[in-house]
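Asker: Letter by letter, the chains look like this.
2 protein chains.
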Amino acid sequence: MSTPVSPLAVPFPEIAPVAGVELAVGHAGLYKQVRDDVLLMRFAEGTTCAGVFTQHAVGSAPVDWCKAQLGGGGEARGLVVNAGCANAFTGKPGDEAAKRVAKAAARLLGCRKREVMLASTGVIGVLLDDDKITARLHEMEARLSAGGWAAAARAIMTTDTFPKGSVATAVIDGVPVRIAGICKGSGMIAPTMATMLAFVATDAAIAPEVLHALLQRHVGSTFNAVTVDGDRSTNDTCLLFATGRSGAPLIRRAGDKRLADFSDKLGQVMLDLACQLVRDGEGASKFVKVEVTGAKTPASARKIARTIAESPLVKTAVAGEDANWGRIVMAVGRADEPVRRERLSIRFGELTAAEDGAVSPGYDEARMSAYMKRAELEIGVDVGVGRASAVMWTCDLTKRYVEINGDYRS
Amino acid sequence: MSTPVSPLAVPFPEIAPVAGVELAVGHAGLYKQVRDDVLLMRFAEGTTCAGVFTQHAVGSAPVDWCKAQLGGGGEARGLVVNAGCANAFTGKPGDEAAKRVAKAAARLLGCRKREVMLASTGVIGVLLDDDKITARLHEMEARLSAGGWAAAARAIMTTDTFPKGSVATAVIDGVPVRIAGICKGSGMIAPTMATMLAFVATDAAIAPEVLHALLQRHVGSTFNAVTVDGDRSTNDTCLLFATGRSGAPLIRRAGDKRLADFSDKLGQVMLDLACQLVRDGEGASKFVKVEVTGAKTPASARKIARTIAESPLVKTAVAGEDANWGRIVMAVGRADEPVRRERLSIRFGELTAAEDGAVSPGYDEARMSAYMKRAELEIGVDVGVGRASAVMWTCDLTKRYVEINGDYRS
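Quick mapping for you: the protein sequence lines, in order, are chains R and L.
Just so you know, the first sequence maps onto residues 1 to 410 in my numbering.
Just so you know, the second sequence maps onto residues 1001 to 1410 in my numbering.
Hints are computed from structural coordinates only; laboratory data are not their basis.
C-beta: ideal position from N, C-alpha, C; glycine also.
Worth double-checking, as some hints may not be accurate.
Chain R side only, calculated, beta carbon under 7 angstroms to chain L, not exhaustive [to be verified]:
| hint | residue |
| --- | --- |
| 1 | Val58 |
| 2 | Pro312 |
| 3 | Leu313 |
| 4 | Gly357 |
Using the sequences and the accompanying hints, generate a full structural model.
Answerer: Printed below as a string of structure tokens:
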């Protein structure tokens, strides 16, 4: 049953405490095997919160819950996350199960239930057995501590093969503030917030609507710029919490210049987490950056990059260490975006495979083959129409992916 | 090197001669191994022709050639098809190589070069070595005969594991006419004419623009309603030839009622060929019909059906014989089309898995598992919004698919 750790895994970072944030994990028994499957987080009074969620048409009870409480940014004192059950496609009983979890946590944390955020991940169509979770909350509350980010990252894993975390320090008006985050997700990582849970906390003091704007600013080039198989989940959630306990001044406007370094560092943390999702793409053996340049518009560049990054033929060629640029031409064409055939060029790393619409005169199969053996690859495509560009991160499509996804429920 | 025949293969039909059509195959040496790789077809004087082609933005020399000659329907006396080289993304030299093949064939057949249609399939980005083809045309012309459809279907195969053909007899104004077709394609079979070559001939007498209208009428529900991996090729071509040698009256208007039976039978032949492409989907072990009902518009139904049919998570679940309807919910949501969550229902064959937005009360895992072991499956989804429907045919995504596509060039 146990899956080997992805060859592309990166180590979990040292995460020092973030003032105003406490964590605890517990074993609710949502899996057959014994493992921690619930995470409780407590945030200091006055913590602001913003979230971005799946755009999936069906959605899930915990996502509906958070959206209803948060809108464009709000306050939060607690977070309960469970693995093992997505509580999606479970109708009104699912909504009520979610609400009972929020209510129980609110009672323990001494806050209103609308200040408790929820997230669930696992098999969908199965009603959440909320009793199993609420029965554990009391002992978890007793164990809350400022450490334990790695354990938290482990407790929310599903098919993940390694825990994912990232950390940074920024300066706001001369005061250092900390940013720490964890995430989970390995299959179904696609643009528009695919099966992915990410929780990022900072001790900066940031007004809810500014927090919301920051999240929106970075999500497109981070979590929405990674793809494993193009599928998307009912439960995707990224929540950002700001406790205000760093001593840095409260930022009330998204345009405040004192936010520049924080915004950069937040973007770095989100990109680091997003790329770890790809590194743990189910069965992945190669980490691939796809860069499209020369497109007519940024949206066109993104669509071409995504079409390449999601093409099963490109992804299997990468798995086979085959610099099959012909398949990239296929994918480019399939995007139905403006492309100038006679100016199209394709490179793998620094090696040009095709230029001016035909195979490159300097094409060297031996050097190309050597490059393709690397674990981290870059595919560059210039479509020769304009000046817009976009980047997507993806992984290869291997036999292991099919194996994992062919027997997930068994 | 040799690939086992798909478990979903169907036998090649008996195809009796179609008046006015002759075929011959030859060995041009476009593959390392010894095999027939060129097909020559000769059509009687006055044969009309229509084609539909890839919408791929990059395209290929033979597709550009046919489109330039045919427009909305024209005349044709010959067809030269080669496997082993797509002659795509080869710039002006590729166009010239294609033209030289047409010219050589025209000289042999005693027609104008614009009456010779061309099609190529194989690796892209490699210039067609047209000498190898033209050197064989003379001996092939000498061997032209009214039989040999199965050999023709074999000569155009690439990764196909079985030759594909279909045949029907229709009646036009009391006169029986014959329709026969062959096709090739196994990977990259996607909507909008993905890597697929199909050639259908009839001895009916049909004006070019009527032939074109017929092809357009049926392509959406046949070749464009099948998908293997969502990828699309530079070379997709479907050509329809009508020799007029049956003795049936010439049909000059698409609305002519005498065309009804012919149109039905043509649709059947095209659907049969299209489904054989799916049956030979690379690594396929299951043939899956996806039917979406209750959609707002036909386009919406088609988009939802296609999103389900192309979802790697749905396709790997089918490979694993797992009735994972949760993944179908995922795919439905991902289509970004109107769906009423509380009325969504999902069935596998006659077995309802989900209804009214939640798992079905009568859900029986044992019966469902037994159903999923079949080689031919039907997935039905009602999205509860309107009355529009659509059907797509697809196959599962197996480890074998990844194997085949990871080392195609080696």
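Asker: Hint by hint, note whether the structure agrees.
Answerer: Each hint tested on the structure:
1. Val58: Nearest chain L Cβ about 4 angstroms off; hint holds.
2. Pro312: holds (4 angstroms)
3. Leu313: holds (5 angstroms)
4. Gly357: Holds - the Cβ of R:Gly357 comes within 7 angstroms of chain L, reaching about 5 angstroms at its closest.
In this structure, every one of the numbered hints holds.
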